[in-house]
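Peer 1: Heads up: the protein sequence lines correspond to chains S and R, in order. All residue numbers for the first sequence refer to the numbering used here, where the first residue is 30 and numbers rise by one. All residue numbers for the second sequence refer to the numbering used here, where the first residue is 5 and numbers rise by one.
Please keep in mind that the hints were generated in silico from the structure rather than gathered at the bench. Worth double-checking, as some hints may not be accurate.
Among the chain S residues that face chain R by a calculated CB cut under 10 Å, a handful are [to be verified]:
| id | residue |
| --- | --- |
| 1 | F51 |
| 2 | F58 |
| 3 | V61 |
| 4 | S69 |
| 5 | A91 |
From a predicted model like this one, the values you see are computed outputs, not experimental measurements. Backbone N, C-alpha and C fix where the C-beta goes; we use that ideal spot for every residue, glycine too.
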Amino acid sequence: MGAGGNQIVSTDFWSMGGYARFVWPCFAFAGVVLGWNLWSARRYYAAARLRAERALEAAMAAGEEA
Amino acid sequence: MWTWFYKLASPPYVYAAAAALAPWFLGLAAITVGYGLVDGLVYAPPDYQQGDAFRIIYVHAPSAWLSLFAYTSMALAGAIALVWRIKMGHAVAAASAPIGASFTVLALVTGSLWGRPMWGTYWAWDPRLTSELILLFLYVGVMSLRSAFEDPSRGDRAAALLGIVGLVNVPIIHYSVTWWNSLHQGATVAKLGKPPMPGSMLWPLLSMLLGFMLFYGAVLCMRLRGEVLNRERQAKWVREAIKS
Chain S
30 MGAGGNQIVS
40 TDFWSMGGYA
50 RFVWPCFAFA
60 GVVLGWNLWS
70 ARRYYAAARL
80 RAERALEAAM
90 AAGEEA
Chain R
5 MWTWFYKLAS
15 PPYVYAAAAA
25 LAPWFLGLAA
35 ITVGYGLVDG
45 LVYAPPDYQQ
55 GDAFRIIYVH
65 APSAWLSLFA
75 YTSMALAGAI
85 ALVWRIKMGH
95 AVAAASAPIG
105 ASFTVLALVT
115 GSLWGRPMWG
125 TYWAWDPRLT
135 SELILLFLYV
145 GVMSLRSAFE
155 DPSRGDRAAA
165 LLGIVGLVNV
175 PIIHYSVTWW
185 NSLHQGATVA
195 KLGKPPMPGS
205 MLWPLLSMLL
215 GFMLFYGAVL
225 CMRLRGEVLN
235 RERQAKWVRE
245 AIKS
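Chain R on its own, in the form it takes in the complex:
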């Protein structure tokens, strides 16, 4: 296990592994998202209260979930880089931030469009919505901080620290609907023992969740290759890789 962990610290290994994994992730993402879209939009029955508006869940929930997953990955990669001084941790964190930020925007926009017919407003300063907006600001802060220093290694360390501090917002987002009175509905998928939706609605949602995760993996691999090249362009192995 430790051998595998130390391999991940090697830039040539990460560069090659990312190149090999990206097409697989992307292909599987296309299949699962395609299935989720067809099943969710065509075959899933309308909700007895929300009608067809509930179908927004098939893009809203996966994007919201991914916004948290990408942030947690970014913060953990930053923490690994700080503790074990593994440079690739900073590269993973830098590659993860713009992907997570874009899916946070998607979660906020789709949530707003879902809120209008259900709550009568596009926006409310509700605990879930507000904490998700703070997550977007954290992403922007981490990305800005990384590029604010002339010395890239200082920028990496500062961004990793902010990412770790901001991790406190992740459980706040998740539990905001149970800790405070919220317009937002409670957990849908987390209650796997007794999910509050029938299988005909749940399966396309799980497929979309998996598809978005695979898509994140594909884009992360593609961005990571660029990060590795940017950070290692003076290294001998990069010159050999470019020549070949």
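Bound conformation, chain S alone:
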């Protein structure tokens, strides 16, 4: 199979036998959900760590004042 054959295979792949408008949005949305989970988990941890750091600073400041 030459370059033309590969092009046919590639076109068939992206067209998903005529179901492309159903198949690809599913995989794209799955990517969005996986990405959102990673992003929100990292953000949640970073916010919790920041709160803990502020609590530590407040406790140290209170200790110095005393």
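Following the hints, position chain R against chain S.
Peer 2: Relative to the frame of chain S, chain R by itself:
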């Protein structure tokens, strides 16, 4: 075994274990999901009835399965927290809920997109679809209830109770296709003795299932670290961990 169980009740142990496990889970998830995607999208043959539309199964089935697994984990963690008064149980339940809810949304959306070409409609009030939608409402209810109380410990207990009560919906979702007439197809992977699909289609599906589970483990560990910090930020060990 009990030593290990009691270790899980210790916030510093959970915090450190989650940090150590998350990268492993995430790395293994990337490998298994990558293999499942390539094998499922490129090498698996089209279905003799559904054509290439059947490939939606590679994201739909793992997300639906994970929506049930995450809910069961959340309810069991809540039950452990209530019975043994282990605070980390509430932390695990709180970390699990948003992950499970997001995968329930994914299962509903991909199921809807699969239903359009196969059933001729995006949505039907079918037992499987309706019970999965109820699962999403349960997740939203549990998360809302947890944050509805000024006293976090009361919110934790109320959310754990709702989670345990809602557990009744899990077998209803699983068996809905056998108990009632349903548009939805029957079990695909559960019949391991005689699976109704050939290995060339089944292996990528099992790989995606494993990959989604590992991904859940990774995100759970990452969220759990945040939960532990939020709940223990006045503790001495947290201050030492933050300083170092």
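Peer 1: Each of the hints needs a verdict: does it hold here or not?
Peer 2: Hint check results:
1. F51: For S/F51, the interface hint holds, since the closest Cβ of chain R sits about 5 Å away, which is under 10 Å.
2. F58: holds (6 Å)
3. V61: holds (9 Å)
4. S69: holds (7 Å)
5. A91: violated (12 Å)
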